[in-house]
Amino acid sequence: MAQTGGEQRIFLRKASGLIRTASGTDTFIYNLGLVSVGLGVASILFYGPAYYPGGDLVWSCLLAGVCMAMIAFGFITWTITLPRSGGIYVFGSRILPPGLALTMSLVEITAWLFYCAIAAYWIILLGLSPALTFIGYLSGNDAWVAAGAWVVEPWPLFLIGSGILVLSGIILSAGMKFYLMTQRIIFTSALVGSVILIVVLATGSNADFIVSFNQLMGPILEVDEPYQAIIASGKENGWAWDGTTDWEQTWLVSNWPFLPLVGAAFSIAIGGEVKSVERSQTYGMLGAVCGATLLWVITISLATSVFGYEFLGTAAYNLLEGVGVQTDPTITLLAGVLTGSPLVCILVSLGFMFWMWMWIPGMHTFGVRAIVAWSFDRVAPEPWARISPTRHTPVVAIIFTMFVNILFMALFVFTEFFSAIVILIEAAVLAWSVVLGAGIFFPYMRPQIYEKSPIATKNILGLPMMTVACALGFAASQFYFWTLWSDPVAAGHDPQQLMIVAGVFIIGFAFYFVMKQIRKAQGVDVTLAFKEIPIE
Amino acid sequence: MDGASDNLHLEFVDVALRLVEDAEARGIQLRILGSIAYRLQCPKNLHLFQDMARVLTDVDFAGLKSQNQEVREFFLTQGYKPDEGVYMASEGARHIYLHPETNLNIDVFANELYFCHRIPFEGRLDIDFPTISTTDLLLEKMQIVEINLKDFKDTLVLMLEHPLGSPADGNKHIDVRYICDMMAHDWGFYHTFTTNLRRVEGYISEFPSITPAEGDTIRGRITELLEAIDAAPKSMKWKLRAKIGTRKIWYQEVTEKSAQF
Numbered sequence: 000m001a002q003t004g005g006e007q008r009i010f011l012r013k014a015s016g017l018i019r020t021a022s023g024t025d026t027f028i029y030n031l032g033l034v035s036v037g038l039g040v041a042s043i044l045f046y047g048p049a050y051y052p053g054g055d056l057v058w059s060c061l062l063a064g065v066c067m068a069m070i071a072f073g074f075i076t077w078t079i080t081l082p083r084s085g086g087i088y089v090f091g092s093r094i095l096p097p098g099l100a101l102t103m104s105l106v107e108i109t110a111w112l113f114y115c116a117i118a119a120y121w122i123i124l125l126g127l128s129p130a131l132t133f134i135g136y137l138s139g140n141d142a143w144v145a146a147g148a149w150v151v152e153p154w155p156l157f158l159i160g161s162g163i164l165v166l167s168g169i170i171l172s173a174g175m176k177f178y179l180m181t182q183r184i185i186f187t188s189a190l191v192g193s194v195i196l197i198v199v200l201a202t203g204s205n206a207d208f209i210v211s212f213n214q215l216m217g218p219i220l221e222v223d224e225p226y227q228a229i230i231a232s233g234k235e236n237g238w239a240w241d242g243t244t245d246w247e248q249t250w251l252v253s254n255w256p257f258l259p260l261v262g263a264a265f266s267i268a269i270g271g272e273v274k275s276v277e278r279s280q281t282y283g284m285l286g287a288v289c290g291a292t293l294l295w296v297i298t299i300s301l302a303t304s305v306f307g308y309e310f311l312g313t314a315a316y317n318l319l320e321g322v323g324v325q326t327d328p329t330i331t332l333l334a335g336v337l338t339g340s341p342l343v344c345i346l347v348s349l350g351f352m353f354w355m356w357m358w359i360p361g362m363h364t365f366g367v368r369a370i371v372a373w374s375f376d377r378v379a380p381e382p383w384a385r386i387s388p389t390r391h392t393p394v395v396a397i398i399f400t401m402f403v404n405i406l407f408m409a410l411f412v413f414t415e416f417f418s419a420i421v422i423l424i425e426a427a428v429l430a431w432s433v434v435l436g437a438g439i440f441f442p443y444m445r446p447q448i449y450e451k452s453p454i455a456t457k458n459i460l461g462l463p464m465m466t467v468a469c470a471l472g473f474a475a476s477q478f479y480f481w482t483l484w485s486d487p488v489a490a491g492h493d494p495q496q497l498m499i500v501a502g503v504f505i506i507g508f509a510f511y512f513v514m515k516q517i518r519k520a521q522g523v524d525v526t527l528a529f530k531e532i533p534i535e
Numbered sequence: 000m001d002g003a004s005d006n007l008h009l010e011f012v013d014v015a016l017r018l019v020e021d022a023e024a025r026g027i028q029l030r031i032l033g034s035i036a037y038r039l040q041c042p043k044n045l046h047l048f049q050d051m052a053r054v055l056t057d058v059d060f061a062g063l064k065s066q067n068q069e070v071r072e073f074f075l076t077q078g079y080k081p082d083e084g085v086y087m088a089s090e091g092a093r094h095i096y097l098h099p100e101t102n103l104n105i106d107v108f109a110n111e112l113y114f115c116h117r118i119p120f121e122g123r124l125d126i127d128f129p130t131i132s133t134t135d136l137l138l139e140k141m142q143i144v145e146i147n148l149k150d151f152k153d154t155l156v157l158m159l160e161h162p163l164g165s166p167a168d169g170n171k172h173i174d175v176r177y178i179c180d181m182m183a184h185d186w187g188f189y190h191t192f193t194t195n196l197r198r199v200e201g202y203i204s205e206f207p208s209i210t211p212a213e214g215d216t217i218r219g220r221i222t223e224l225l226e227a228i229d230a231a232p233k234s235m236k237w238k239l240r241a242k243i244g245t246r247k248i249w250y251q252e253v254t255e256k257s258a259q260f
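Chains as they are written, first to last, in numbering that gives the first Met the number 0: chain A, 0 to 535; chain B, 0 to 260.
One thing to keep in mind: the hints can contain errors.
[As the list claims (entries may be wrong)] The calculated DSSO-like cross-link candidates involving lysine-lysine, where the alpha carbons are at most 27 angstroms apart (straight line), are:
no.	chain 1	residue 1	chain 2	residue 2
1	B	Lys242	B	Lys256
2	B	Lys256	A	Lys176
3	A	Lys515	B	Lys80
[Unchecked claim] Covered, in the sense of this in silico footprint (three residues per stretch, anywhere, with C-beta under 8 angstroms from a C-beta of chain B), are these stretches of chain A:
no.	segment
4	77-85
5	173-183
6	374-386
Derived by calculation from the structure, the hints in this document are not laboratory data. Idealized CB from N, CA, C, for every residue including glycine.
All chains, please: the whole structure from these sequences, using the hints.
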């Protein structure tokens, strides 16, 4: 600042300045949106009690939150040291062998673009369809129920999902400022939905819910006391819980809060566009981890109390296994049942859809920024970073990634094999782990860059802050890589799915070596880009 | 040119003039701003820049976003290489070009110069040629929060060379009403502008060649401009923001130029 304590100062500007686009608040919203608080609540409550009986959901959220904070700490030191856009490619390319850095980045963005398609799929499956169905139940109008079923048919699902993905491309091609502005509006709306859900749960009770559920669903399911029937049939068909906390299940179920929490570090993708990078990235990443964990702990505690742990577990178990008395136990629908209000159902559903939506342009941006960074380093074709003369945005990269998203959507909707792929997140966590591991040695291997970092003088236990932060991040990411590996529901290590991951790695290496040869033929040595010392 | 002048890179003035004229011939509106514009707008006091040993480091232009494509093509045909990262990150609001042989750096600001505070160029590039108007030149310096010595010196020379007035007085007068309107709607800019302007007269002694009479002229113009700004009626938004004051950051933060991708 020009004036401090009334003292007037003269400054020495070394060069003309630079304005960055994303504020600290934008960074926080970007990350919290990519955590997708609503989707996290829905997936934890859906899969948690069903497949991990005895797992304590609150402790699992806290475990995932602490580990994600460690990973975020590592990435904060990376992005402060190299404040550029492009995700882990920017970091890895300055210390790892170039082929490995590009491959890690390709693995990472393949996972994120795949999850873009999944988010579009979930908006329809977990948001739109239950909302239409429940409105039909309450109004007694079968057309709504039919519409709820129709939107999850393959072709309507693909077309609506593709429309959502195209909308993301349109928003990104209008520019980062416009995208960040839309995120602020969507974030506020999503937060309203989450607050309504918390209020609904806080003012309800288990007894109220059982009465409402049995009254509404009894005639539909054609069962007396369906709440009790669902629990009984679930137990008869193999769901078992002795009423105590199982710590192994608590450890494994923590995969479900961890999976969305990885979004809290996604602002590494836009590092070159973040203002006051040290403050904004720290606040943006750690704030998103803490905010999401807090919202989950509150919502999940209330939901298990109001709906009942056994009911949540058996209802989802019956539906997923196709046994016993079946109903859709998504939290949006259950909140609607609790209040008997279509309006509440619509508002909560909209909130969930907004949370899920925030995944899509956020992850899409991640892919675009990585591809642009590759292109600027000449390890990808230059046209991929071409800027629209009218919109001033990288439309080629945006459209290219949008078509990849739509391709994933088609694979997800029309094939059984791809719809079962859950392992890509594990590959992305492995890629993060490699880059965080490299960060431990960065201050020693690239001292000429690290010395210019704002954190260069900061030490923890006598070691460079980056070394300590990346060591913590590496340990946490390894912990979750193996936790995911050990959990066939969340990820696992199915050989066929591992082949897909191996295929992405092979494509990454092949892509690098092909580009290297093409550039060599053009008289360009791409490895020089990786040896460049950034001027930060 | 003598050796001292060579070190000041005065040849950049000729390059800037040639570029702006070539662009104009192709229908592209570019106007020079920054230190070269100050030299061009202050011919009567050019010796003061010599006294300062003011080194020219780059060439800055104001342009129009609607002509971005033409501007890019123009500089590419002139042999310059664009910094695509800055162009993309700024969404076309800023272009940076580097000449690989001369190492001359060119900055083009499309539609506005927006560092600490916003200075619009739309509808204002017709006021003067080959530089932006003297009014916008003054705003350009006075919007800088982390202001440095050479900015104060440039401003001194500008205030000595150009009287205050209105558009009716001619395009070389500093447009008091335009500045007052801008300051009356934006407390942050008002604070930075008036704080900086009050400090300008303190640097008159840095120029031994400025006569006492010239010093009085500068002081008089600064006082007159500050009084006009303070007298102008302020908007409600300005008054509310003024109550918060400098407890909340009042300007856009500017970081050191660096690669963004």
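Checked hints:
1. B/Lys242 to B/Lys256: violated, 33 angstroms
2. B/Lys256 to A/Lys176: holds, 20 angstroms
3. A/Lys515 to B/Lys80: Between A/Lys515 and B/Lys80 the Cα gap is close to 23 angstroms, so the pair holds against 27 angstroms.
4. 77-85: holds (count 4)
5. 173-183: n = 3 at 8 angstroms, threshold three: holds.
6. 374-386: holds (count 3)
Checked against the numbered hints above, the structure violates only hint 1.
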